[in-house]
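**Student:** One letter stands for each residue in the lines below.
There are 2 protein chains.
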Amino acid sequence: MAADNESMGESQRFAKFVSDTRWEDIPSNIRHEANRSLLNFFACSLGGSRDAAVKALAATLSPFAGPGVATVIGRQEKFDPLNAAFLNAVSANVFDFDDTHTPTIIHPSAPVAPALFAFAETSRISGPQLLLAFVLGVEAECRIGNAVSPGHYKRGWHITSTCGVFGAAIAIGKVMGLSAEHMKWALGNASAQAGGLLETLGTMAKSISVGNAARNGYLAAVCARQGVSGPERPLEGPYGFLNVTGPNANSACIVNGLGEHWELGSNTYKPYPCGVVLNPVIEACIALARDERMSLSDIERVVVTGHPLLRERTDRIEPRSGREAQVSAQHSVAVVLTDGKAGLAEFSDACAAAPSLRPLREKVFVVEDDSYAVESAMVTIYLRGGNKLSLTTEQARGSSNNPLSDADLEKKLSELVDYSNAPCEKARLIDAIWALDTVDDAGKVIALAAGVPR
Amino acid sequence: MAADNESMGESQRFAKFVSDTRWEDIPSNIRHEANRSLLNFFACSLGGSRDAAVKALAATLSPFAGPGVATVIGRQEKFDPLNAAFLNAVSANVFDFDDTHTPTIIHPSAPVAPALFAFAETSRISGPQLLLAFVLGVEAECRIGNAVSPGHYKRGWHITSTCGVFGAAIAIGKVMGLSAEHMKWALGNASAQAGGLLETLGTMAKSISVGNAARNGYLAAVCARQGVSGPERPLEGPYGFLNVTGPNANSACIVNGLGEHWELGSNTYKPYPCGVVLNPVIEACIALARDERMSLSDIERVVVTGHPLLRERTDRIEPRSGREAQVSAQHSVAVVLTDGKAGLAEFSDACAAAPSLRPLREKVFVVEDDSYAVESAMVTIYLRGGNKLSLTTEQARGSSNNPLSDADLEKKLSELVDYSNAPCEKARLIDAIWALDTVDDAGKVIALAAGVPR
Chain A
131 MAADNESMGE
141 SQRFAKFVSD
151 TRWEDIPSNI
161 RHEANRSLLN
171 FFACSLGGSR
181 DAAVKALAAT
191 LSPFAGPGVA
201 TVIGRQEKFD
211 PLNAAFLNAV
221 SANVFDFDDT
231 HTPTIIHPSA
241 PVAPALFAFA
251 ETSRISGPQL
261 LLAFVLGVEA
271 ECRIGNAVSP
281 GHYKRGWHIT
291 STCGVFGAAI
301 AIGKVMGLSA
311 EHMKWALGNA
321 SAQAGGLLET
331 LGTMAKSISV
341 GNAARNGYLA
351 AVCARQGVSG
361 PERPLEGPYG
371 FLNVTGPNAN
381 SACIVNGLGE
391 HWELGSNTYK
401 PYPCGVVLNP
411 VIEACIALAR
421 DERMSLSDIE
431 RVVVTGHPLL
441 RERTDRIEPR
451 SGREAQVSAQ
461 HSVAVVLTDG
471 KAGLAEFSDA
481 CAAAPSLRPL
491 REKVFVVEDD
501 SYAVESAMVT
511 IYLRGGNKLS
521 LTTEQARGSS
531 NNPLSDADLE
541 KKLSELVDYS
551 NAPCEKARLI
561 DAIWALDTVD
571 DAGKVIALAA
581 GVPR
Chain B
131 MAADNESMGE
141 SQRFAKFVSD
151 TRWEDIPSNI
161 RHEANRSLLN
171 FFACSLGGSR
181 DAAVKALAAT
191 LSPFAGPGVA
201 TVIGRQEKFD
211 PLNAAFLNAV
221 SANVFDFDDT
231 HTPTIIHPSA
241 PVAPALFAFA
251 ETSRISGPQL
261 LLAFVLGVEA
271 ECRIGNAVSP
281 GHYKRGWHIT
291 STCGVFGAAI
301 AIGKVMGLSA
311 EHMKWALGNA
321 SAQAGGLLET
331 LGTMAKSISV
341 GNAARNGYLA
351 AVCARQGVSG
361 PERPLEGPYG
371 FLNVTGPNAN
381 SACIVNGLGE
391 HWELGSNTYK
401 PYPCGVVLNP
411 VIEACIALAR
421 DERMSLSDIE
431 RVVVTGHPLL
441 RERTDRIEPR
451 SGREAQVSAQ
461 HSVAVVLTDG
471 KAGLAEFSDA
481 CAAAPSLRPL
491 REKVFVVEDD
501 SYAVESAMVT
511 IYLRGGNKLS
521 LTTEQARGSS
531 NNPLSDADLE
541 KKLSELVDYS
551 NAPCEKARLI
561 DAIWALDTVD
571 DAGKVIALAA
581 GVPR
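As you go down the protein sequences, you meet chains A and B in turn.
Per our numbering, residue 131 is the first one in the first sequence, and the count goes up by one each step.
Per our numbering, residue 131 is the first one in the second sequence, and the count goes up by one each step.
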């Protein structure tokens, strides 16, 4: 057996692992992380469900869509499962407020969860079946992401899209009960569809590649079931995904420690809808705005000090859109000191364009200091008359070492539903997500997130 | 204006060129080449329409498909336009018998023509509108292919798929009358979907990437019309298609000589369904089998001499499938000397597995000689008793310098219809394709290729 295993390629070994793994094999902390990821997924998808990109894509796909059997989260339309998976992935990711697999910066849930829930509305599967497939789908995309990191993203690939398609394929392959051979074909059929470029970030085109990851991964698995064959080594072959999109890919990441180490354990959730490097800055500003008595008009200068990445990624004094505001230290400081909070409204196009924030943004300076970790930052406010207020965040919430609590995630869902105004019974949905491992029909859970007034 | 033009990026300049170009701007030889390409497209698609990959993919997509308004060539089902475009691209390319753009080895028609004909069945467009959009779509994919060649294919990208999606996007953008700005978005929306790996060659998974090129290109343009925005420089941007998938891409290829040099002029059509390097070998064998009196049992040895690529790509004594037979000099020589012809039946899985060909295949040797051009080869047959027959093909048919005639293309369509047994009125279809530039409703032409008995 061991020798056999060694003679198999990484694609085949991974496919066999997926076919063989049972719900009983998943440790309880990883099971709970699956619930947390799905709660965060529904939160983000509900929050994004009324965004212009989701609307435009739903309108585009509608004339081509098959029978409407699957829920579009936060919306009234129903679509065929492939298109529903596409649209729910788009809404989950449109604000980049979704989860982050720290080693790769993949957003793991957006491609995988929508495919599974769309499947669950057409073929009855239990909660544990869905959760197991979710864990394995995330395992696939994140291990493939590990294998091509860091060269892949650096070269310009939108890693959530390019790797996500494998996650959706494995997840759907698992709920369909594919054999190891067909599971490998599902990987091959996914490899033929992997795409997505960083150049599209900040435009709606990015959402197409994220939606495709969910849709095309789903399709890859259904193709495999139907007999559409793939190559023997879709990942590690000389012209396979790893070598072509690497560079310097390490195929051992696909199989090392399978069943012992779970990638979902490295998943994190954002407290604020902006670049993670801004988290410690925002937290310091929230505390300063809450605790210190100052008038905004007294502020002469704000100095933000942090890890070099902070300056590199976010020193942006004039964001031209909500998307740019999400990666602007100047905007973040100005809006949080003004409003006391940092939700989607504070990073909207309208807020980015608000003339009232401009004077304060111009007073914010970013200083790099490589003694700071990326999860920490200091904010110092210089006031007229010589006074100075300063606060340091040591460990921003939302990082691996200071994760959002279950209650934080519930609150995030509640606030995002309020933001998008989707007519969703929040408490029932939250309860249903926590109870997923006990239900016979996982499809009923997503139905609770439909944007249909009850 | 000139200065303006220079300040624009290549994506924008190309988009503007497409928006501005009229049917009157297309030279007559290029117009005629468009008819020839489409004739060859219908021939290949009809020939491939009953292949197992087409059947499996049609069965896979059927439950997810929208209203059936568009023809699937050679078949009875109708599908929504996106899925019909997908399936017709698959059938056109499944045997690699379709056209070849010599500089890039892109198969230009498979992604572009199916998207246009599917569109023509839902929105009335004239023959010249379709032909103009076809010429421009081919221009897009082949110029982008030129820009990334040869590094792109060498790295492992299936260039027909990766570049084809841009061709379909531009073609559909043109028939929809997109502005230059929206045309650029269509390029961006296509860039988010470009994919396809050489590792999948020889498996059905390859067909998924070719089908997606047509489908996703179509989708990219409809998205752009609906307001789905793309980046400013989807092709030449730092993380755009050229830089990410190059390497060593040359963005000047996108715009140099626009409107003066037309890529469709470099399109070629295969006389035989196999690797083009085998064309001169097959022709010599057909002539030897026809003209020489010999018994196969008298053959002691066959020596094939040609360009180094011939040995490198086709020295394959035991093909395990029809796909491998297509790139086997041994199989090609054996089957042609035996049957006297080289059609799809001679490169089927069944024929590759036929035990009767085995003894002859084992007597065939490939010798490289770099004094031969790739379009030429010598076949020498050593007979028992010391006699020797030898024939050299100087310039194989199907190459740029010895193209198939219009009559050859008509014959190809006829033979491929006979092969697949599709119930198609060949003469009416052929006439309609030649007359495309005179018709008001291009959608009627593809209806003639439906696999519906009349």
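Derived from the structure by calculation, the hints contain no laboratory data.
Just to be clear, a hint being listed does not mean it is correct.
Since the list gives no way to pick one copy over another, a pair counts as held whenever it fits inside one copy or between any two copies.
To be verified - Under the rule of at most 30 angstroms between Cα atoms (straight-line distance), these lysine-lysine pairs were calculated in the BS3-like manner:
| id | residue 1 | residue 2 |
| --- | --- | --- |
| 1 | Lys493 | Lys541 |
| 2 | Lys471 | Lys208 |
| 3 | Lys471 | Lys185 |
| 4 | Lys574 | Lys284 |
| 5 | Lys146 | Lys185 |
| 6 | Lys541 | Lys574 |
**Student:** Determine for every hint whether it applies to the structure shown.
**Tutor:** Structure-based check of all given hints:
1. Taking the shortest alpha-carbon separations for Lys493 and Lys541, neither the intra-copy value of 33 angstroms nor the inter-copy value of 76 angstroms comes in at or below 30 angstroms.
2. Taking the shortest alpha-carbon separations for Lys471 and Lys208, neither the intra-copy value of 34 angstroms nor the inter-copy value of 53 angstroms comes in at or below 30 angstroms.
3. Within a single copy, Lys471 and Lys185 get their C-alpha atoms as close as 27 angstroms, which meets the 30 angstroms cut-off; across copies the closest is 56 angstroms, which misses it.
4. Neither within a single protomer nor between protomers do Lys574 and Lys284 lie at most 30 angstroms apart by alpha-carbon distance, with minima of 40 angstroms and 48 angstroms respectively.
5. Taking CA atoms no more than 30 angstroms apart as the test, Lys146 paired with Lys185 passes between copies only; the shortest distance there is 27 angstroms, against 40 angstroms inside one copy.
6. For a Cα distance limit of 30 angstroms, the shortest separation of Lys541 from Lys574 inside one copy, 22 angstroms, qualifies, whereas the shortest one across copies, 57 angstroms, does not.
Checked against the numbered hints above, the structure violates hints 1, 2, 4; every other hint is satisfied.
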